[in-house]
Structures are given as structure tokens and as C-alpha cells.
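A.B. asks: Those protein sequence lines, which keep their order, are chains A and B. Residue numbers for the first sequence follow the numbering used here, beginning at 1 and rising by one. Residue numbers for the second sequence follow the numbering used here, beginning at 354 and rising by one.
Any given hint could turn out to be false.
The calculated EDC-like cross-link candidates involving lysine to aspartate or glutamate, where the alpha carbons are at most 20 Å apart (straight line), are [stated by the list, open to error]:
hint	chain 1	residue 1	chain 2	residue 2
1	B	K833	A	D219
2	A	K29	A	E56
3	B	K899	A	E41
4	A	K277	B	E519
5	B	K899	A	E164
6	B	K965	B	E1028
7	B	K768	A	D221
8	A	K7	A	E41
Negatives, chain B to chain A, calculated, CB over 10 Å [to be verified]:
hint	residue
9	K390
10	E815
11	K852
Treat the hints as calculated values from the structure; they're not laboratory data. In this text, all values refer to a predicted model and were calculated from it rather than measured experimentally. Backbone N, C-alpha and C define an ideal beta-carbon position, used for all residues, glycine too.
Residue strings, one per chain:
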Amino acid sequence: MKYKIIKIQEEIDGKLSEVTNTKEVLDLKVAYLGKKGSVSELTNMLSKLDIEEKKEYGALINNLKQDINQKIEVTIEKLAESEINKKIEKETIDTTLPASNIGVGGTHPITKTIDEVEELFVSMGYDVVEGPEVELDLYNFEKLNLPKGHPARDAQDSFYITDEVLLRTQTSPVQARTMEANLEKGPIRMICPGKTYRRDDDDATHSHQFHQIEGLVIDKDISLADLKGTLEVFAKKVFGEGRKIRFRPGFFPFTEPSIEVDVSCFKCGGEGCSLCKNIGWIEILGAGMVHPNVLINCGYDPDKYQGFAFGMGPERIAMLKYGINDIRNFYINDLRFLNMFNRINGGDDNETK
Amino acid sequence: MKLSKKFLNDFIDIENIDYHELADKMVLVGNEYESIKRISEATNVVVGYIKECRKHPESTKLSICKVDIGDKVVQILCGAPNVKQDQYVAVAKVGAILPGNVEIKKAQLAGMESNGMICALDELGIDSKYLTEEDKTGIHPLMGIPEIGEDAIKYLGYDDEVIDFELTANRGDLLSIRGMAYEVGAIYGKEVKLPDTKVEEIKDNIKDEHTLTVKTDNCSIYLAKKVKNIKIMESPNFIKSRLMASGIRPINNVVDISNYVMLEYGQPLHFFDADKIGRDVIVRMANQGETLVTLDGKERTLSDRDIVIANPEGAVGLAGVMGGLNTEITSDTNSIFIESAIFDPIHIRNTSKEILRSEASNRYEKGIDPNGSLLAINRACYLLHKYAEGEVVSDILVHDKANKEDKIIAITLNKINNILGMDLETKEVEKIFKDLGFESITKNNTFKVSVPTRRLDINIEEDLIEEVGRLYGYENLVGKQPITSIKQGSYSRKDKMVKMIRTRLEALNLNQVITYSLVSEKEADQFDINNHEKIVISNPMSEDKKIMRVSLIPSLLSVFKYNLARNIKDINLFEIASSYYKKDDKYVEETLISGLMYNHYYTNNHQNKIIKTDFYVLKGVIENLLNYLGLNNRYQFKIEQLPSELHPGRSVNVMLDNELIGFIGQVHPQLSKKEVYVFELSLDKLMTKKVREIKYKELSKYPDINKDIAFLIDRETPALDIINVIKRAGGRMLANIDVFDVYEGDNISDNQKSIAFALTFSDSSRTLTEEEINVVLNKIINEVETKLKAKLRTK
Chain A
1 MKYKIIKIQE EIDGKLSEVT NTKEVLDLKV AYLGKKGSVS ELTNMLSKLD IEEKKEYGAL
61 INNLKQDINQ KIEVTIEKLA ESEINKKIEK ETIDTTLPAS NIGVGGTHPI TKTIDEVEEL
121 FVSMGYDVVE GPEVELDLYN FEKLNLPKGH PARDAQDSFY ITDEVLLRTQ TSPVQARTME
181 ANLEKGPIRM ICPGKTYRRD DDDATHSHQF HQIEGLVIDK DISLADLKGT LEVFAKKVFG
241 EGRKIRFRPG FFPFTEPSIE VDVSCFKCGG EGCSLCKNIG WIEILGAGMV HPNVLINCGY
301 DPDKYQGFAF GMGPERIAML KYGINDIRNF YINDLRFLNM FNRINGGDDN ETK
Chain B
354 MKLSKKFLND FIDIENIDYH ELADKMVLVG NEYESIKRIS EATNVVVGYI KECRKHPEST
414 KLSICKVDIG DKVVQILCGA PNVKQDQYVA VAKVGAILPG NVEIKKAQLA GMESNGMICA
474 LDELGIDSKY LTEEDKTGIH PLMGIPEIGE DAIKYLGYDD EVIDFELTAN RGDLLSIRGM
534 AYEVGAIYGK EVKLPDTKVE EIKDNIKDEH TLTVKTDNCS IYLAKKVKNI KIMESPNFIK
594 SRLMASGIRP INNVVDISNY VMLEYGQPLH FFDADKIGRD VIVRMANQGE TLVTLDGKER
654 TLSDRDIVIA NPEGAVGLAG VMGGLNTEIT SDTNSIFIES AIFDPIHIRN TSKEILRSEA
714 SNRYEKGIDP NGSLLAINRA CYLLHKYAEG EVVSDILVHD KANKEDKIIA ITLNKINNIL
774 GMDLETKEVE KIFKDLGFES ITKNNTFKVS VPTRRLDINI EEDLIEEVGR LYGYENLVGK
834 QPITSIKQGS YSRKDKMVKM IRTRLEALNL NQVITYSLVS EKEADQFDIN NHEKIVISNP
894 MSEDKKIMRV SLIPSLLSVF KYNLARNIKD INLFEIASSY YKKDDKYVEE TLISGLMYNH
954 YYTNNHQNKI IKTDFYVLKG VIENLLNYLG LNNRYQFKIE QLPSELHPGR SVNVMLDNEL
1014 IGFIGQVHPQ LSKKEVYVFE LSLDKLMTKK VREIKYKELS KYPDINKDIA FLIDRETPAL
1074 DIINVIKRAG GRMLANIDVF DVYEGDNISD NQKSIAFALT FSDSSRTLTE EEINVVLNKI
1134 INEVETKLKA KLRTK
């Protein structure tokens, strides 16, 4: 009996080491542990033995059963693993080959800039409004305190359609339109991005078509200091934390006082470098307090209301921000150029503030 | 405006102020500058005296000069044709550095030693536009009797520094040294001094010799004086160098003095030959069609908007712009009739725009101080007496309708602080007004300010507030956040729509571009399905930017060509922008969504997996966009009104709720040899459609049943016709139809095609049985076969 048990043990070890697939293992299981299997035969033989022997061999046979079961399980696992391994080996590819080109288009850098500015001002309660590009001389100039024959018109050589209709040279006419449209003549907070046109020859710094973003705030108690505070927020958002604002006197017919606004150089931090021409400051926009004549022209009482307005060029902002040196790039639309902007911006934009 | 330090120093003592510092302070009060430089950067150039000058024996051009340069006599070889013995000249010594970083070294010329260089003015860095013909071809003999060995640059007045200001249009007063002096005075708190004008006059009286009649309201002041027996010659060095520093070419003493005084006072003067102008001088509007030959020799035809100076015979000068040739000062001129006048800015602006923008017209356009005219004319007499030996005739002809009173503006401290957002005190404001040279009386925190007439730009309280702000210094302004009511900022509906569409098109692999709104006539006519009336620019800069575009596609095609030429292989673009046209006499701006797709849409080359853009990719992009906008089942593609620039067999219109909103398709092979696809939809029309809100619909818990069927059918029958028949026949249970195969060719007769559909049946309330599906399927087959003369294709 004992001999038989040992023999079975040896036999199964040998057979299990030769199997190549799961089916063979399961066949072996039937051959040994099945109803008619060799282990079952041994169990049947137990009834013929006396109690002592029954006890001894019974235990041995049980151990044998457990042993076989366990070995079979291990073998099955091993086989499964090697099958997976084979499959994996077969399926292995060269991961260094180039990726599929999953194309996603990008936003034009001017639009990105406008979006960023819009988002900031909307968060401060400004409404985004728009106005016509084919504009009346009345709104583009006259209501803005630039009567016909005013020398300041020279700076804005215009494309005319008729004597009274032109392509707007600035987004400022939207100031006048917004104030006029506000029938309650109450407070206004608006921002207006859009295309503008001037008869300038296209070169690295001039474009006959360009964009402006106009801002206007009208309220009862608005001062130049509020303008500065507002633009400080803007400068930090667009040019990075730590940026400072400098006001210089300027001249625009529709604001009084008028201000030229500089931002501390974001390349050198104000130390002086090639970007800021060693001044430490970079001119970024024009602004001022709305001229009382403009308020009157648009139906507001300058004794009750005052306000500020500002205008900036997204092209200029994008050029400064990304280091673009030729404005024509924006309108050529070379895809290699555009693709450079097809991602999120890093640097200050991404830092936790 | 170019501002010479020496010139400025005549009006205000700035000798000891660093000129760069002054320039930077001017910037902070609002006067930007372009550059600051010296007239001549040359060093080590001294006055030399040519003691001996003889021709070089072996050279036709060179002269050998012995030049006394103070500490020694040196031999210098000179190639100038006008070099002579006994001349005083500017000598660059050995070691001198001339502009352009030219170092003067000891040299051997034609076998002779040369120790330095006798300089021509251009070698000292003077722009040739300021030079006489003689100075252009030779050296410049120095005028007068300088001290040998002294600094020649200084002697010539070229050691002057010049700031080139870019002034704002409102500060006409700064187009004069006097105005600049007041501005600098306000910064430094210094007094302005005016130059001498006192001159002894002769007994003759101008009123005995001339009369003045002003016949137009467009001349507010006309003053005339006369100077006799003038001697025309070269101007003294200081006048010449200051004119050059100011950007004006010296000509002769008389012409130079008129320019010099204009620079000093900002008051343009005109000198007529008194004998030629005649006795009676008239200022009037020109007669329509009247002609005048101006100083430049051109005959001008005038309009009744031009102001002229005339005598009874006709015009002798175009007021404020250019004199007439008939009264020109020439070398024979003996007496001068001096005009110091103020003309209407807008008339001068119009005339000068047609004829010539000059230093004078520029000043007239920006406004002239009515209190400066007399000062200027007296100053001119003084200088003509002193530097042209002229005799000043007594008395003056006067026409004066100008208001010469100071402007009185009252303003409260409160208002100043309110607008500036500052916290200034009375004393600080008073000091600023005083520094500006404005008299002011303070009473109850109200300033009563007298603004001198030279400051034409100051008219209202806000103008004074600006003066206070800029001189107090905006750098001292502390920014604060406005205190306003809480209000949500908003985007317009259109803004939001544009942003959504942009985001979607980008996700669909299209790149946003921005192109020009102005196009050529040819481009303007393309892709114009509505045949709009175009908006045309009346003063275009070029033929290719003349008309406001009605379609964005020509611009996208230009971008396509540009990129293709740069070897960019896959090009997918879109633009959302306005189109412009006239309708019922109104100017309309309609926003379009346009795109262009070319070549690969998706690639993996090494796996040979490529999706190339064709009509169906394009259609997929458009459907994807429209579905995203919530317009499923509301649009149709059919041919209604295609632009002739599209491939007629590969293009369709997009209809939304049966309204034409645009087109998609391939660009006509005649227009592009490449297979380029484009689309253009009207955003404005899209926006008129209301879209339902998203509503959840219970998903079916029961399994779908799929059935495939294929038909043989006339190849001309559009798939959509078959789909429509299937849909109708399929009824409620038919959940989806897809075309999975279209086949023409072998085994199928020439005029037929096989088209295979995958049908999905489902019911959300129960499991469908095979039997009931077969009933529906048979109905479908039957309908397609009978209605479309098709035949079920069996496997």
C-alpha cells in the first residue's frame, strides 16, 4: 500500500513536469483523482484493511490527494502564466516608432490674448460689447471730441467709404455707442475688443488692420487712482505677478487728463534690458478720464458722472508677451507660427498666485 | 520738434542742467522724445590757419598745406578743390575721432606725410541736406576770425545737444523755444527770459508806403513791418547751427532770420520783397480757379477755401503755406515787407494738405498765440537790423480781431482731487500754477486761474486738472480698486457662440486664423452666393486691399497657398469673422464661420493608416459642429445656390430649418488644382435658431437587433432617397440606419450600384421578436424595390 502511494506520488510528479497545456493537466487530474482514478482505487482498497491500518493509510492517501491537488493547481497557474507571456512576447511592438498624428487645432495668439483680457475684466463685472467696424465719422471722431479738421486726426489716417462713413480707426466709438445706448444714463463697465483699420503701410510694427480692446467705466465717483488700481490688476494678470504700472501724461482728444501707461519690464524686472530699451518700462496702453465733452455728446451730465477709459492693442501685448518681433506674422498665418501657440502658457501664467 | 540746448538756454538758464536729465523729466510731464544727440560727435577738431598751400607735384587733386593748429604747424595733404592759403579751417588732429568712428592717423599720401585732416562739414557729421553746394564738394572755410587752436566744433556751434521730441497734437505751444522754455521752467521752477527786440527805427513810416486790407474772417491777426536796405549774406554761425539743430537748412541771413524767429516764438513769418508786393496789400479768400505760381515754381490753381495775400493785380502768397514767386526775396532785394499773421487753422490745414505740409503750416494748424505775433515781428526787425544791416521803418500795419485776454478758469481743490484720486493741498496746487506761469487767486479752496494765451490747449477745468496731475507727477499717484456696485460681468450671446464654435472646430483639428478684411476686386467677387452690393474703400492704399470682403474663403485660400508653398502638407483652417455688404442703403456686417481643409486629416504613416480629407470628412466636421450646437435633425445638405467657385459634383448647400445658411464642398478644379475643401456658414443665421435644452431620455433595457440589407439600384439614385424610403417603411422600431458599403464595378451592370445598409431595430419597452422584425424588413425591401426600382441583393 505504502509502496503504491509513493509510486503514484513519483508518477504524478513526472507527468506534471511534462505537460504542455491545461487540458493535459486536467486529464491527469481525472486519471488520478477522478472516480475511477488511481487514488480513488487506493481509497476503495482501504475498506479491506483493519482499523489501525485504515487510520494510517487513510491519512497518507488524504495527504496524497491534497498534494496532487495543489501540484495540479500550481502547474495550471504556471501554464497560464507562460501562455500570457507568449502572447505578450508576440504582441510586443516598437514603442519608439512615431505616434499617430492626432490633430487638434489651436487658437490664434491674438484671440488668446483677447480671451485672457476679456476673462479678467468680465470677472471684475465688465460686460463684453461690440460695435460696427464700418463706422460713422460721427462716432469714430466727432463724438469723441475730434471735430473735422482736428490735427489729432492725422495720427489716424482713415479708410473712407464716403465722406461720413469709414472703417473705424479705433474701438473708442464703441464708448460713445455704449453711453448713448444706456438710456438710464447710469453706471457702465464695459470692454470691447475688435478689429480696427488705419492707412498705415504694413511693416514690422505697423499693420493696416489690427485689433484694439477698449475699456470704459462710468460712475459717480471714479478717479484716475481707480484707473491705476484697475490697470495694476490687469498688468499682474497679463504680464505676471510683481509687475508695476507707471502713468505718464499723454494726449487723446477724448480723455482729459490723458495717460500713457507703462508696465515695468517683465524681462529684466525694471533693471533695463534690450526689450525695454534700458528704460525699465514698456508702453502698453493709453488711457485717461473721459473728457466732459464726450460725456455731454453721449447724453451724460459731467457734473454727475465721470469715468475712465483705456485702449490697448492685443497685437502689441502678444508681441511683448511672446517675444514676436513682426506684427505681420499675425496675419500671414503660417501654420508653424500658429502651432507654437497651440498649448497652455507656462511661466507666470501658470504659477499659483 | 528738435530742441537745441543752446537755443533753449537763450530763454531759460539751463546751462548747468544735464540735458539727458532734462529730457527724462520732460517725458514724465508728457513730452516723449525719440533721441538725444550732439550736432557733431567729432573730437579733437581745432581751428587751423593755412599758412601755405601748394599743389602736390605728382597729384592733380592733392594740395600740400602747412597748417598752424595753435601748438604747432603741421603738414596736411588736402584733396578739396577749394582749399586756399590764409583760410581758417576745421582740422581733425592726429588722434581725432570723427563721426562713424573714423580715427585720424598719420598717413602717407602720394609719398608725402599728412598729419591730420582738413574737414568738410559732412566729415563732422552734418547731414548733407543742410549743406550748400560748395560745402558738399569741398572743405568749409570758417567765417570770421577764430582763435587758432581753439575747439572748432565749439566755434561752429556744433557742440550743441539736441533732443528730438515727439509732441502730442494738442501742444502747439511747444513748437517754439519760448513754449519749451515755459515747460522746462514749470519743471525746474525757473523764470523764462525773452530775447532782445529793441531796435532804433528810421523816420520813414510804413503807413506812407503801404496799406493793409483784410477781407476775410479767416485771418484774425495780420501785422506788417518794413525793413529797408538789407544786405543778403551768410548767417552767423550761431544762427546756422541752431537752424541745423532744429532741422532747417540755412540759406541766407534773411531767410534764416524768418525761420529763426518762427522757431523762437512759434509764429511763422513771411518776408515779401517790399518793392514787388506793391503799395496795397490785401488778405482775402482766393477766387475759385485763381492761379498763383508759388516759390517752388509750380503753378497752383486755388479754390475759394484757400486764403491768399494779394495786391490789386492778384495773389502774391498762399497764406500760411507758401509765398508767391512774384514777390520772392532775391539777391537784388532791397526792402522787406514782413508778415506776422494768424490764419484759421482748418483752412490752413486743408490748403497745406493739397499743397505742402511745412513747418509754418504745421504751426498754424495747431494754433498760434495771439500775443506772440507782435513779439515775433519785432524780434525779426531786430535781427534783420543786426545781421542784415537793415533799417527798420517805423510804425506797423495792424489788423487785429483776436481775443488776447487770458482765459480765466475757476476750479475747486475738491474737483482736482476727485478726478485725480489724489489728496493734494492748496499750497501744492498753487505752486504748480505758479511754476507754469499761470496767475492764480485762491479763495475758499477755489482757484481762479488766468491761463496765458500761449496755452491754447487749456480751456476747461479738466485741462487744468491735467496740468496739476502731470506736474505733481503721476508717479506719486497710488492706485486703488474702484468702489462700485457688485454686478456680474457678461459676454454677449454672440461672444459665447463664437467661443463655443471656435473650441469645437479646434477640437476637430482646424486651426484658427485671422486674415484681412480688405480684399481685391477679384477676391471680392468669389464665393459670393448672395451677390451682395460691395462696400468699396474710396481711398484705398492698394488695389489688393480695396473692397470689404463678402466671403472669407478667398483669404483662407491665400493662407492655404502660403503654407503649401512652405511645404506644409496638411492644412486645416477656420476663421470666424465679419463679412460686409450694403443692403437697402444700410451697411451690414454679417459674421461667417468659414473653413478650409486639405490633405490628411489623420495619419500614421508607418502603419499606413491615413484619413485624407474628402467631401465626407468635411461633411462629418460640419455635422459634428451642427449637432454640437443642438441642431440635430434640423439641417439638410442639398444643392440650392452654389458659388461657381465650387466643384458642382462635390459640393452642397447647408439648409437649416429649410433656410440656406451656407455651403460646403470642394474648390472648383479651375480655381485650385489641389483637392481643397471649404465651408462657409452664416453665424448670424445660425443664431436666429432656438435650440431645445438637453433632456434625458430613458435608455432601452432590451437588446437591439441588427439586420443588414443591400440593394442593386440605378447609380444616379442618391443614397438619401433610399434612406428616406427605408425610414418611412421602418417606422418606430427602426432606430438607426448606416450605409456600410457602396459598390460599383465587376458583377454589377454599368448603370447600377450596390448599396448596403446596416439597420438597427429597438424598442424601449420590450424585446423584439425575429418574426415581427422580419415583417418590417420585408416591408422595407418591398417599398425600396417598388418605389426606387431597386432590387434586393442576395448573397
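A.B. asks: If a hint holds in the structure, say so; if it doesn't, say that too.
C.D. replies: Structure-based check of all given hints:
Taking the CA atoms of B:K833 and A:D219, the gap is about 15 Å. The hint holds against a cut of 20 Å. Under the criterion of a C-alpha separation no larger than 20 Å, the hint pairing A:K29 with A:E56 is inconsistent with the structure, at around 24 Å. Our distance criterion of 20 Å between C-alpha atoms is broken by B:K899 and A:E41, whose separation comes to about 105 Å. For a cut-off of 20 Å, the pair hint linking A:K277 to B:E519 stands: about 17 Å separates their Cα positions.
For a cut-off of 20 Å, the pair hint linking B:K899 to A:E164 stands: about 18 Å separates their Cα positions. Under the criterion of a C-alpha separation no larger than 20 Å, the hint pairing B:K965 with B:E1028 is consistent with the structure, at around 10 Å. For a cut-off of 20 Å, the pair hint linking B:K768 to A:D221 stands: about 11 Å separates their Cα positions. The hinted pair formed by A:K7 and A:E41 meets the criterion: a straight-line CA distance of about 14 Å does not exceed 20 Å.
Separation of B:K390 from chain A is adequate, the least Cβ-Cβ distance of about 15 Å exceeding the 10 Å criterion. At roughly 4 Å, the least C-beta separation between B:E815 and chain A is not larger than 10 Å, which violates its mark as non-interface. Not every CB of chain A is more than 10 Å from the CB of B:K852 (nearest about 8 Å), against its label as outside the interface.
Checked against the numbered hints above, the structure breaks hints 2, 3, 10, 11 and satisfies the rest.
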